[in-house]
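Take the sequence shown: its position 34, counted from the start at 1, is 50 in this note's numbering, and no numbers get skipped.
Read the hints as simulated data drawn from the structure, not as lab findings.
Glycine included, every Cβ here is placed at the ideal spot set by N, Cα and C.
Hints are not guaranteed to be accurate.
FRET-style restraints, in silico, Cβ to Cβ [stated by the list, open to error]:
| hint | residue 1 | residue 2 | range |
| --- | --- | --- | --- |
| 1 | 126 | 85 | 33 to 41 Å |
| 2 | 101 | 140 | 27 to 35 Å |
| 3 | 82 | 139 | 15 to 23 Å |
| 4 | 140 | 53 | 29 to 37 Å |
| 5 | 90 | 124 | 29 to 37 Å |
| 6 | 36 | 81 | 17 to 25 Å |
| 7 | 119 | 35 | 16 to 24 Å |
| 8 | 127 | 37 | 31 to 39 Å |
| 9 | 119 | 83 | 18 to 26 Å |
| 10 | 127 | 90 | 34 to 42 Å |
| 11 | 101 | 53 | 18 to 26 Å |
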Amino acid sequence: MNTAQEHTESVVVTLTGCSSEDADAVFRALGRAYPSDRDETEVPRHVSEGHATVWTTTFDVSHPRGKAEPVRLAAPVTVEMQGGYWAVDRMKEMLATSFDVEEEGMAAGDQEKDVQLRLTSGIHQ
Numbered sequence: 017m018n019t020a021q022e023h024t025e026s027v028v029v030t031l032t033g034c035s036s037e038d039a040d041a042v043f044r045a046l047g048r049a050y051p052s053d054r055d056e057t058e059v060p061r062h063v064s065e066g067h068a069t070v071w072t073t074t075f076d077v078s079h080p081r082g083k084a085e086p087v088r089l090a091a092p093v094t095v096e097m098q099g100g101y102w103a104v105d106r107m108k109e110m111l112a113t114s115f116d117v118e119e120e121g122m123a124a125g126d127q128e129k130d131v132q133l134r135l136t137s138g139i140h141q
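All chains should be modelled from the sequences, with the hints used to inform the complete structure.
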C-alpha cells in the first residue's frame with residue numbers, strides 16, 4: 017500500500033547560475049507553497065563577487081500551504097532537486113505553475129531521485 021506517510025516528504029532545492037534576486041523569487045514561490053528551513057525574511061545574497069554562489073533550502077512538501085502563481089525571472093535559473101520520487105514530482109508540478117520548466121537531467125536511486133531543471137520566467141508579455 018502506498019500512503020503519504022510512506023513517502024519521503026523533504027526535497028533539498030539547490031539554485032545556481034542566477035542572481036540573488038532570481039534566487040529569492042524562486043525560494044519565495046516555493047515558500048508560498050511549502051514550509052522550509054528558510055526564514056521568510058531571509059534574502060539570498062552573494063557572498064563573494066566573481067565566484068559561483070549556490071543557495072540551498074529544504075522544503076517539506078507533505079503540507080502544501082497555498083497556490084502558486086506565475087513568477088518573473090530576469091534570467092534562467094538552474095535548479096537541482098533531491099528527495100523521494102513522490103516529493104520531487106510534487107515539487108516539479110508546483111514549479112511548473114510558477115515558471116516555464118525544462119528538465120535537463122535526472123539520476124534515480126532506490127528511494128530518491130535527483131532532478132536538474134532550468135527555470136525561465138513564468139510571466140510572458
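Each hint, compared with the structure:
1. 126 - 85: 33 to 41 Å: holds (35 Å)
2. 101 - 140: 27 to 35 Å: Holds: the Cβ-Cβ distance is about 31 Å, inside 27 to 35 Å.
3. 82 - 139: 15 to 23 Å: For residue 82 and residue 139 the Cβ distance comes to about 18 Å; the hint holds.
4. 140 - 53: 29 to 37 Å: Once the Cβ atoms are compared, 32 Å apart, the range 29 to 37 Å for residue 53 and residue 140 holds.
5. 90 - 124: 29 to 37 Å: With Cβ atoms ~32 Å apart, the hint holds.
6. 36 - 81: 17 to 25 Å: holds (24 Å)
7. 119 - 35: 16 to 24 Å: Distance hint for residue 119, residue 35 holds at roughly 22 Å.
8. 127 - 37: 31 to 39 Å: With Cβ atoms ~35 Å apart, the hint holds.
9. 119 - 83: 18 to 26 Å: holds (23 Å)
10. 127 - 90: 34 to 42 Å: 36 Å Cβ-Cβ, so the 34 to 42 Å window holds.
11. 101 - 53: 18 to 26 Å: holds (21 Å)
When each numbered hint is compared with the structure, no violation occurs for any of them.
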